[in-house]
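Protein chains: 2
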Amino acid sequence: MELWFTEKQTDHVGITLKTQRTLMRQESQYQEVAVIDTKQFDRVLLLDGVIQTTIGDEFVYHEMIAHVPLNTHPNPRRVAVIGGGDGGSIREIVKHDSVEKAVLVEIDEQVIKASRQYLPELSSGLDDERVEVLITDGIAHIQASKNTYDVIIIDSTDPVGPAVGLFTEEFYGHVFEALTDEGIMVAQTESPFYEPELVHRTFSRISANFPITRLYLAHIPSYPSGMWSFTLGSKVCDPLAIDGNDLHALDTRYYTPDVHKAAFCLPKFVQKLVTP
Amino acid sequence: MELWFTEKQTDHVGITLKTQRTLMRQESQYQEVAVIDTKQFDRVLLLDGVIQTTIGDEFVYHEMIAHVPLNTHPNPRRVAVIGGGDGGSIREIVKHDSVEKAVLVEIDEQVIKASRQYLPELSSGLDDERVEVLITDGIAHIQASKNTYDVIIIDSTDPVGPAVGLFTEEFYGHVFEALTDEGIMVAQTESPFYEPELVHRTFSRISANFPITRLYLAHIPSYPSGMWSFTLGSKVCDPLAIDGNDLHALDTRYYTPDVHKAAFCLPKFVQKLVTP
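Respectively, the protein sequence lines represent chains B and G. Using the working numbering, you'd call the opening residue of the first sequence number 443 and step up by one each time. Using the working numbering, you'd call the opening residue of the second sequence number 443 and step up by one each time.
These are computed hints drawn from the structure, not numbers from a lab. Everything numeric in this text was worked out from a predicted model, so none of it was measured. Be aware that a few hints might be false.
As the list claims (entries may be wrong) - Computed beta-carbon distance windows for the label pairs:
1. B/Arg467 / G/Gly491: 42 to 48 Å
2. G/Leu465 / B/Glu611: 41 to 47 Å
3. B/Val602 / G/Gln462: 23 to 29 Å
The beta-carbon is built from N, C-alpha and C at its ideal position, and this holds for glycine as well.
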């Protein structure tokens, strides 16, 4: 018997993965949480049937969402992750010696539990003593935090269901207020190939709040189109102005200082999406 | 009824595309040539069931395989494409005013016919008066050509069946001899994510023949993993040494001088594949 898991990434295209077995599948308060074992990507975390992260390529997403803002900020001490219950972003954040506190704000405790049990490569960072885990609504937490974080990482699911509120202009305004004077935010902002309107709209909403707003890209095979975007909003620091020599030597598999800069060199059709 | 075309890109992962209809499907002397109409990528050319190019994302592949070497060479006048019967690479090549002759060497005439009928957006370049179309074996043609071409583009299928000979060290040696003194070759060299050994091996074979060998990347959603590699071999000119200001203003959707340079900034795991 061959078992194949298929995710329809849009109404018209899907990815299909040969699957060894389903390791867990559970309805949480918010969504169906599942972990499957695949041949191509090893273990895969699914929320409502949508691939969130895989052992095979998670390093790209987590390194790029964490090290780009943390290496842009001159001295990131307090960092928050909204979503990201798998722990992969936190694992990368705590590689930075400057970080004194990393707060994970995840609404669904079942995601953390699933990751701790089946994805220890990702959740391991949660055991760092600088990490605080809050099981609560990220929107409320950010709204209640003023001048608190140096970096805020919005490591959300797709903008459907509970994550919709993480893609609004109002939310980005609260993120601005939750950040310190040199604060930086980054959000995962979907595929420019398959969701150009969304990329454009989200960029506009972030740039309505932040004086410096820049889009960058990474190759993530298990995500729709394989071309993934992140949008960075910054009060003062420009991610393009970093000096490669100053960057910390990090234990990475994708990120380098050169990759940091190259990620902001956008193909012409993507550049058009973020040009007013 | 919903019709879905699925390509197994490896034994363990596939892409699946909602399909409107099959426009053509024919056994040629070498392979099954088919064109299907899909919702996500518009028309798709398939050889033996493997996606070769799609109207939706072909611009990435063809711009990147053509403009990187042509903008690296100071004065490309004679250019050859081995394979590439769809005409997309030729279409980009003839955008360069310096080009006096562009030779398409395609072994399977049915591919050209299919493209002329169903993919006019790609085959249009074949009507340029500087273009010569040869229906013959690319390996033999290159072996018979000495000191002839300024740029040779190896726009091949995957290294199975007839294309195997286009991935050998011996062939790259003949390519070297077919090139003029400042000659440059580029080959499409598959996905570093799914075929790391092949990327490593092919890079080694090209660098065994060329003093300057460099790998570069592009985002191509319809290809396995979405991360595609090209390997450039050059006698004299370094693709990293280009001056962006000197580059011709080309009508492109992906390529820019900045993208040209950024494409050579390799993620750490890819860099390792091409480090001896």
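Hints and how they fare:
1. B/Arg467 / G/Gly491: 42 to 48 Å: violated, 32 Å
2. G/Leu465 / B/Glu611: 41 to 47 Å: Distance hint for G/Leu465, B/Glu611 holds at roughly 44 Å.
3. B/Val602 / G/Gln462: 23 to 29 Å: holds, 26 Å
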